Amino acid sequence: MTLASSVIVPYAAYLRVYEPLAAFPEPERSHWARYAKRDDLPGAQDELRRSLADLLPVPPVAVPVHESADAFVALVDGVTCVCPWRTRLRGWLALEELPERLPGLLLDAALPPVVRRQAVADFERWLERNPDARPWIRSATWHVPVRWFVLFGDEEREFTKGDDGLILRYRTPMVQARRRVARGLKVLKESLGEGPLIDGLVDVGRWLEEFHPRSLVELDYGGLVHTLPAGRLEEDHSAADVAEGLAALRDGDGERAGSAYERLTDRWSVIRGRQNAS
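Sequential numbering of the sequence shown, starting at 1, is according to full-length UniProt numbering.
Please note that a few of the clues may not be correct.
What the hints assert, rightly or not - List time: in silico SDA-like cross-link candidates among lysine to any residue, alpha-carbon distance up to 25 Å:
1. Lys186 / Thr80
2. Lys161 / Asp253
3. Lys37 / Ile137
4. Lys186 / Asp253
5. Lys189 / Arg263
6. Lys186 / Glu244
7. Lys189 / Gly258
Source of the hints: derived by calculation from the structure; they are not laboratory data. Given the structure is predicted, the values throughout are model-derived calculations rather than measurements.
Just need the whole structure built from these sequences, with the hints factored in.
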């Protein structure tokens with residue numbers, strides 16, 4: 001594993017949108033319809049391995065040369081929904097954020113400036129032909145942004161053991177996610193007025209509006225399940241803490257809101273500590 005891959009990729013959480021086939025124009029719709037019938041559909045670990053493989057050449061390939069033709073697939077009330085990986089687009093978007101995440105010397109060692117400049121130029125040309133492009137997947141390293149939990153209820157939490165190990169995720173219908181965003185924003189604006197949490201939730205809400213109303217929204221802890229013991233994961237009910245905090249703010253109960261926030265920050269400080277130690 002390269003320096004770039006060890007810093008950037010493995011311990012990430014994901015916010016995904018699965019859209020029904022009807023949301024895609026032809027010929028993409030037919031491609032995904034055929035794709036969803038495959039018996040060998042790749043999973044999250046397959047996507048991770050393929051992402052890491054692009055970082056192994058010297059110099060590394062900052063962004064895949066070709067866009068991925070793969071997707072995650074889910075069956076929602078009998079309707080096939082897909083979440084395209086769009087690895088190339090997400091690589092370009094992640095590249096824009098790297099200067100904020102990594103010190104200059106470390107960034108230059110992982111991805112030399114000449115590689116980054118070429119990727120930026122390629123992205124600019126691509127955007128001219130695809131001005132409305134947006135990713136179906138958002139990622140966050142070493143944590144789950146608080147604003148993501150606003151979209152889900154504790155009853156939608158799934159903690160299981162799959163083929164790739166432990167899985168902790170939430171899934172909710174798009175209409176419910178949008179409703180929770182609207183309610184959360186109302187509470188926060190009335191209680192706090194302004195701030196980064198409000199700005200972040202507004203951004204997530206705008207992103208959700210880009211998709212079909214019958215989509216499925218998923219929060220997947222991804223690689224973060226490897227940063228905590230199974231017992232701590234079982235006790236993780238962060239969406240419930242966020243919901244309680246919002247309810248307390250709505251009721252004007254600052255003490256209860258503070259307790260919910262303290263539980264949330266204490267839980268995630270353990271993961272942050274492991275990041276700083278790595």
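Here is how each hint holds up against the structure:
Proposed proximity of Lys186 and Thr80 is contradicted: the alpha carbons are some 33 Å apart, above 25 Å. For the hint linking Lys161 to Asp253, the alpha-carbon distance of about 38 Å lies beyond 25 Å, and the restraint is violated. Pair hint Lys37 plus Ile137 holds up; C-alpha atoms about 22 Å apart against a cutoff of 25 Å. At most 25 Å may separate the alpha-carbon atoms for a hinted pair to count; Lys186 and Asp253 meet this at roughly 16 Å.
Note on Lys189 and Arg263: the hinted pairing holds, with a Cα-Cα distance of about 22 Å set against a maximum of 25 Å. Straight-line distance between C-alpha atoms of Lys186 and Glu244 comes to about 15 Å, which keeps the hinted pair within the 25 Å bound. For the hint pairing Lys189 with Gly258, the CA-to-CA distance comes to about 17 Å; that is within 25 Å, so the pair holds.
Comparing the model with each earlier hint shows violations of hints 1, 2; every other hint is respected.
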